[in-house]
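Participant: Chain by chain, the residues run as shown.
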Amino acid sequence: VTGFGATLRNELRLVVREGVGIAALAVVVLLLLLAAFSGRATIDQRHEAAAQLVSEFEQLREALAQQAARGTKSAVSPGAVGYSVLVQPVVLPLHALEALSLGQSDLLADHYLITARGAHQFLNRTELDNPLRLAAGNFDAMFVLVWLLPLVVIALAFDVVSGDRERGVLAMAVAQGVEPRGFLLRKCAARATILAVPLIAGLALAALIAGIGAADLAQFAVWALAVLLYAAFWFALALGINAWPRSSDRNAVLLAGAWLVLVVVLPALTNLLVTTLVPAPSRVELTTELREATEAADRAAASAREQYFFDHPDLQGGEMDDYAYYGSVARSEQSIAAAMQPLLERFDTQAQAQRRVIRAMQYLSPAMMIFETQSRIAGTSGERHAEFRSQTERHHAGWTDFFRTRLDARQPLGAEDYARLPAFDFVEPPWGGVLRQVLLPLAVLTVLTVLLLGVAVTRLRRLSVI
Amino acid sequence: VIGVVAAKELRSSLRDGRVRIGAFALLALGAAALASAAVRFADLSRERAAAQAMVEEQWVGQGEKNPHAAAHYGLYAFRPALPLAFFDPGVTAFEGISIWLEAHKRNFATGRPADDMTPLARFGELSFAFVLQALAPLALILLGYTAFASERENGTLRQVLSTGVAPWQLFVGKFLGLGAAFLLLLAPLLAGAVAILVVASGTAWLGEAAVLLALYGVYFAMVLALTLVVSARVATAQNALMILLGFWAVTTFVLPRLAADVGRLASPVPTAAELTKQIEADMATGLDGESPAARVEQRRAALFALYKVDSEQALPINFQGIVFGLQDELGNAVYDKHFGALARAIDAQVDVYEAASLLSPRMAVAQISQEISGTSLIQQRDFADDAEVFRRRVMDLLNRDITYNSRPGETDYRAGGQLWQQAGEFRYAPQSLRDALARSAAPFTVLALWSAGLLALAVATVRRLRRLAT
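For the record, the sequence lines run as chains L and X.
Just so we're aligned, residue 21 is where the first sequence starts under the numbering used here, counting upward by one.
Just so we're aligned, residue 19 is where the second sequence starts under the numbering used here, counting upward by one.
For the record, the hints were derived by calculation from the structure and aren't laboratory data.
As the structure is a computational prediction, the values presented were derived from the model and not from experiment.
By construction, the Cβ of each residue, glycine as well, lies at the ideal position given by its N, Cα and C atoms.
Among the hints, a few may not be true.
What the hints assert, rightly or not - Simulated restraints, written as ranges between beta carbons of each label pair:
1. Leu415(X) - Arg90(L): 20 to 26 Å
2. Arg29(L) - Ala366(X): 48 to 54 Å
3. Ser450(X) - Val217(L): 54 to 60 Å
4. Ala184(X) - Thr466(L): 54 to 60 Å
5. Ala366(X) - Glu436(L): 48 to 54 Å
6. Gly452(L) - Val57(X): 41 to 47 Å
7. Ala366(X) - Gln354(L): 40 to 46 Å
8. Arg176(X) - Phe57(L): 49 to 55 Å
All chains, full assembly: derive it from the sequences and hints.
Facilitator: Structure (structure tokens):
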């Protein structure tokens with residue numbers, strides 16, 4: 021019973037005989053693979069949908085360019101094309117790791133459909149989904165790892181010391197002249213190995229299933245490291261609790277309590293606190309304001325229309341000419357957008373403030389730290405989406421400008437204009453920056469783990485064996 | 019004898035330090051959930067009612083317009099915040115709060131509260147229903163997992179049984195004692211919840227509240243019975259705890275997500291872009307192979323024959339109104355087709371979810387709870403359907419006004435406040451308790467099955483208790 025190999029074999033036998041822990045481990049690894057498979061299917065669907073949108077847009081652009089070359093009226097009118105015919109899909113590129121941590125990606129739009137009309141027209145788009153599913157939450161690798169992995173660690177480690185004490189094994193070993201601390205440390209190392217080997221294998225398999233390629237290996241490495249750190253934290257916590265002489269079921273209750281507090285209660289309370297301190301602005305107000313702004317713009321457009329026919333009595337009873345008509349549409353859209361802009365910005369600032377508070381409060385719970393870290397690495401964080409929105413809005417301003425200048429100059433669109441349409445390319449926040457942001461939580465988690473291990477090891481020296 | 023056992027369990031539970039800490043934590047969480055939800059609900063309910071009133075005022079006061087311009091201006095339907103949403107928000111955060119009712123188009127509800135959620139909300143929002151569905155059972159497990167197991171481990175179980183106490187008396191006594199301890203702990207929260215409900219909405223929802231109390235009572239009794247059975251049958255208290263915690267974690271957290279996800283993979287919902295494309299295609303070609311233009315021509319010919327005229331100008335009605343009506347007729351059929359398909363895809367997902375709830379009493383309880391609270395998926399859809407019926411009625415009214423009250427070709431025809439007023443006000447009538455109960459037949463069956471199974475298990479355990487005592 022002195023070598024590590026022998027201890028490992030013993031522990032393996034013990035764990036298999038007890039059953040619960042090893043069964044839980046097997047189930048969680050299985051769920052992890054299932055989640056990776058489902059995540060992969062999800063992002064494959066999204067890839068396909070985005071590719072479809074882009075290809076349809078390209079076809080339309082080509083068709084319009086050909087029509088413009090022939091001088092077709094609807095294709096040369098910058099107003100008709102910009103304000104009604106041409107809809108450009110602006111797509112947020114998918115991260116490979118998204119398959120493993122979907123985060124908010126099922127709630128937040130992964131593409132916007134922009135026209136020269138105001139930003140309020142596309143910013144509030146939502147994808148169709150089953151509300152019951154959304155309310156239940158994502159079943160992704162992140163869920164399995166953040167929620168369930170700690171339970172497995174607890175099931176495998178809650179009695180790592182207390183079990184041997186209760187069974188009298190510890191007293192017997194000491195009687196045989198084994199140094200108790202060394203014995204226990206080897207035992208803990210063996211349990212950690214029993215946990216780590218299937219977990220690492222599971223993570224590697226999950227990466228394969230999720231389709232993580234060589235290009236994403238650095239991201240995946242940090243992601244997986246964070247998972248292992250998180251598991252290590254729970255293992256260290258179990259050891260720390262075991263370092264006090266208590267019964268195994270007492271330990272189990274304490275650890276289950278810790279899990280409940282750290283994984284379920286604190287995140288929920290933090291969320292409650294954040295939404296109370298920094299409430300989101302009212303969507304109802306957004307709706308009523310949009311209505312008032314639209315009505316005001318319509319009135320202005322109607323009087324402009326009257327003015328137009330007053331100025332052009334020869335056209336009375338007919339149609340406004342294309343440039344005049346879309347000029348008035350453009351002005352309406354501009355005035356609505358101007359009225360909506362401050363409201364929309366308030367949503368952005370509040371969301372930003374919420375994210376700031378959460379960033380500061382994540383240190384309350386390792387579960388929150390890991391959740392924040394993993395969604396950042398996988399590109400499903402609120403920050404990246406906010407970046408996508410703001411880049412979309414900048415691009416949209418250019419898109420509108422493209423049509424507006426030609427409209428104002430009464431300059432018809434030519435085939436070459438269709439080749440010059442502004443393109444959207446999402447500029448990823450640099451990986452270095454992401455890495456810097458996840459460094460602190462990971463460091464804090466490491467320090468916590470090391471502290472807990474330190475406490476456990478020091479206490480074990482003075483542990484009573486019976 | 020039962021009374022003695024029960025009193026002993028009650029006393030020792032209340033004396034236990036762990037139980038006190040747990041009770042305090044549960045109380046604090048429940049109170050936090052209740053208080054924040056009550057405040058938020060009051061705000062929401064006021065805001066939505068005000069918005070609905072404002073939109074109606076804007077509609078009636080929109081001045082003189084061509085009815086078709088008014089149709090494009092449209093109305094909004096705001097989803098009312100029902101009083102019990104503070105208790106169980108259900109899926110309400112994941113459905114938009116308002117629907118724009120405009121000409122030709124059935125719009126989706128917009129402004130999902132979930133869009134403004136923090137990412138942490140996906141961990142589970144701390145609603146009172148969550149406290150009752152997820153956290154309270156854990157408290158029950160911690161309260162009861164030692165009930166038989168520890169007594170067996172230290173030999174008192176055999177002693178007690180040898181004094182002439184019948185096994186069933188012991189089981190029932192422990193059940194009642196622990197149940198009483200748990201209820202004492204929960205009573206202030208439940209009273210608080212009922213008080214908030216009465217303050218918010220008077221006595222109108224007390225029937226629902228009573229059903230909910232009974233539902234959660236049955237649920238807690240099931241969890242306690244399961245805890246006692248496992249405690250009696252499993253070798254050690256420690257294993258009993260592990261098994262119960264595993265059961266709790268799987269049925270409370272894993273199964274709902276897993277079932278929802280399997281449902282999604284099995285019956286995917288079309289993307290918004292796909293749906294829009296299909297709708298546009300059907301609008302352009304018509305549904306039955308007859309183009310919309312041909313249909314207009316047919317009607318024109320029929321009307322010319324009826325009135326024995328040969329031009330629109332000669333008709334006694336404005337044909338433009340008929341054209342709008344025909345457009346809407348097609349539009350309504352197209353929207354029915356595609357919204358129906360979408361609803362069926364989601365229903366197929368819900369079927370998977372309901373099937374999975376056979377394995378998880380928590381899921382069954384959650385479904386009934388949402389149904390009774392008026393926050394279920396079906397009731398959100400019901401609201402949208404009601405709003406659509408209202409939209410069609412208003413559009414029909416406006417089209418008829420153009421047809422019968424304006425002259426042929428009169429493009430500058432104006433109608434006024436009187437017509438807008440005729441459109442009426444949209445008021446969503448929440449479904450009755452009876453409907454909610456009728457819709458919950460499946461989850462009620464699940465609970466009945468579980469109850470019967472647990473009862474059988476409890477009886478079998480009581481029969482074997484003497485043998486299990488050693």
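Participant: Check the structure against each numbered hint from earlier and tell me which ones fail, lowest number first.
Facilitator: Hint check: 1 fails alone, others pass.
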